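> If you read the sequences in order, they're chains B and P.
Note that our numbering has the first sequence beginning at 1, numbered continuously upward.
Note that our numbering has the second sequence beginning at 1001, numbered continuously upward.
Any given hint could be a false lead.
Claimed, not checked - Distance ranges between label pairs, derived from CB positions:
1. Gln174(B) <-> Gly1036(P): 53 to 61 Å
2. Gly203(B) <-> Leu1243(P): 26 to 34 Å
3. Thr13(B) <-> Lys1241(P): 19 to 27 Å
Stated by the list, open to error - Some chain P residues flagged as far from chain B (calculated, every beta-carbon gap over 10 Å):
4. Ala1045
5. Ala1128
6. Ala1213
7. Ala1233
8. Lys1235
9. Ala1252
Said to hold, decoys possible - The list that follows gives simulated cross-link-like pairs (lysine to any residue, SDA-like), each with its CA atoms no further than 20 Å apart:
10. Lys64(B) <-> Tyr289(B)
11. Lys150(B) <-> Gln1044(P)
12. Lys1241(P) <-> Asn177(B)
13. Lys147(B) <-> Asp219(B)
Calculated directly from the structure, the hints in this document are not laboratory data.
Quick caveat: nothing in here was measured; it's all calculated off a predicted structure.
Each residue gets a CB set at the ideal place from its N, CA and C atoms; glycine is no exception.
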Amino acid sequence: MENPILHTSKTYTPEAIHAIQERAELGRYHIRGFGAFRNVPRLDDLVFLTASLTRLPLEGYREKCETKTMLGTRYAKRPIELEIPITIAGMSFGALSRNAKVALGQAATWMGTSTTTGDGGMLAAEREASAQLVYQCLPSRYGFDPKDLKKADAVEIVVGQGAKPGGGGLLLGQKVNQVVAGMRSLPEGVDQRSPCRHPDWIGPDDLRIKIEELREATDWQIPIYVKMGATRVKDDVKLAVKAGADVIVLDGMEGGTAATQSIFQEHVGIPTLPAIVQAVEALKEIGVYGEVQLLVSGGIRSGPDVAKALALGADAVSIGTASLIAMGCNKPIYVEDYHKLGTEPYHCHHCHTGLCPVGIATQEASLMERLPVEEAATHVANYLQAMVMETQAIARACGKSNVHNLEREDLVALTLEASAMAKLPLAGTDFVMGQ
Amino acid sequence: MTDFAVADLTTLTSTSSTPTPSDGSPVDCQPLDCNGLTTREINQALKAIAATGQASVTVLNPTGRHNLAVGLETSMLIRFEGSVGYYCGGLSDHANLDIQGNCGWSVGENLMSGQIIVRGDASANAAATARGGKICVLGNAGARAGISLKGATLIVLGNIGAGSAFMMQQGRMIVCGDAGANLADSIYEGEIFVGGAIASLGADAQVEPLTEADWQMLDRELGDWNVKAQDYAFKKVVCAKQLYNFKPRDFAQENAI
Ligand SMILES: Cc1cc2nc3c(=O)[nH]c(=O)nc-3n(C[C@H](O)[C@H](O)[C@H](O)COP(=O)(O)O)c2cc1C
Ligand code: SF4
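Bound-form chain B, shown alone (with noise of 0.2 Å):
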């Protein structure tokens, strides 16, 4: 028969398939990093409607639009001030090189903004190139220390991340050389499993008491953020400022990771989008907007997905996976080394193997050297640069000299999904979706 009609099952699709027969041949769940890779509802699905005759733009490239911004003004002595409305997500060695961590540190300083630590506890060379440093206490409590607590210029308490909230973390045994595990106090080359529960304090109430030993210990000096994956949002806002959080780090379900079960990835959690909507409500509800800020991530890509989260109402974003691929993730370069880990650029999320070709999620010293610092720093603080020049365009054109006076009213949605989720009108309409 020429041209037979190949039927392909919507149900057991060939990803379907794959998947079940990987899972025949592991005997377990499959392993990778990167965030959710379905498509979800997201600030792409807005656009903005900029100033014409009712609003008068501000000149493109002289007029003054401000950047600036600050974080953990509610009870810090000390909050944080940056440059720039785009800061750097935390990421632990041991899931990133060395040259990796040191890399994303100088390119925040010279932008004029922080970066984080992760798990795995801060690293000398990392502080020394990060000019404000904010530093993880996460459930594993990996090599934390209380003299790099009083080194830090803010600590975040991560609850959970939006690629596995209520998940633990996980670095496979191929991560875990001689530093990773010293700094982690675990043996060698074993499969670490870092806990989903902190292991002094289990609910809100002990949070409270949590964030003022964290305080206690640093003088009331610097901000306490608290970072969680988007879930029953609302609640867990509220619950974290009344527990004394400065900022709240919000992480939707597009969030980057360097390993974790691709179920959680792809069925946990709620997209960063109706997230931000909705911590913005929750702050509103209970009155502490504008005191208590708010930063999230979880995807943001580009100066318009920084302009739309702010325009929703988030005080900043954070960027992880974006900023590896500014410094070479995903490169057309070193290809015979993707085609090893059974991939292709553009296409790789092998974090988890620790052999990744462009070095920057890897433990191997002959991989990371292809990753120079000042080279890598450089692109990083490039990318930050343009992402800059590319909100402030957005808020100039929306007649704003500041980017922080982006407004819902500058937003209309694209999609039924994105209307009901952002609260506002389906674009050329008045309608909302569900109001």
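Assemble chain P with the ligands onto chain B, guided by the hints.
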């Protein structure tokens, strides 16, 4: 769990291991009375007293308050006359505390070095994630004692609750009494000595015979508290290391047995 009577506390308080100031001087400065002070003021006062080089200080009326003596870096002996709340001595680089009462959750959390004595009972999470130093509980300790322990020594003369030593990574626990259910679940490394009954072991934990060196160590550590290791049938719990790396179940092998 069987009842466990703690050795007479009055004899314990008089043992030679009661920490003394480094210069041997028993002289205290003016006691610090918590009445009317905020936690912030108490902790600042403790740091200020330590900065004067004082060898020891007594704290009156702690009344179960949370976050006392947090974030310390001093060998000055701080004696609490009464019970303390959560996180006593937490996040300390070096601490030397003598709590003459009970303590709340997470005493000595993330301690790096030094010694904390709790003369009464400790609530949950005693010595959580502590990386160094020694925490001695002369009474019982609650659930999750020694959780995520990362190198410190935790001694409990009484019993410990359920879920103790969960995800323990390094260090040592010595428990004269009984251990609650699920002891040492998902332990990575370190060793736990239990003198009484173990309700149950958690995943990847196993009992292994004590060596002569273990008994000598127990004698040394417990001798400080006038307790004889030989009076107890100590069992040693360590990691079985069967779950270090992900691997599928071997069904063929399981069926062969
Ligand atoms: C390689 C990698 C390692 C990460 N490690 C941590 C970590 O140690 N702690 C943490 O809270 N989040 C960690 N994250 C999540 C990021 O902090 C952030 O929430 C996420 O990357 C934001 O989403 P994005 O990647 O889409 O920007 C990691 C992410 C990546 C990509
Ligand atoms: S290129 Fe490296 S950093 Fe990027 S996904 Fe692959 S392994 Fe991870």
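> Hint by hint, say whether it matches the structure.
Structure-based check of each hint:
1. Gln174(B) <-> Gly1036(P): 53 to 61 Å: 58 Å, holds
2. Gly203(B) <-> Leu1243(P): 26 to 34 Å: Holds, since Gly203(B) and Leu1243(P) (Cβ atoms, about 28 Å apart) stay within the stated range.
3. Thr13(B) <-> Lys1241(P): 19 to 27 Å: Once the Cβ atoms are compared, 40 Å apart, the range 19 to 27 Å for Lys1241(P) and Thr13(B) is violated.
4. Ala1045: Holds, since 12 Å exceeds 10 Å.
5. Ala1128: About 4 Å separates Ala1128(P) from the closest Cβ of chain B, which leaves it inside 10 Å; violated.
6. Ala1213: Holds, since 21 Å exceeds 10 Å.
7. Ala1233: 29 Å, holds
8. Lys1235: 23 Å, holds
9. Ala1252: 12 Å, holds
10. Lys64(B) <-> Tyr289(B): 26 Å, violated
11. Lys150(B) <-> Gln1044(P): Distance of about 16 Å is within 20 Å: holds.
12. Lys1241(P) <-> Asn177(B): 18 Å, holds
13. Lys147(B) <-> Asp219(B): 13 Å, holds
When the structure is compared with the earlier hints, violations turn up for hints 3, 5, 10 and for no others.
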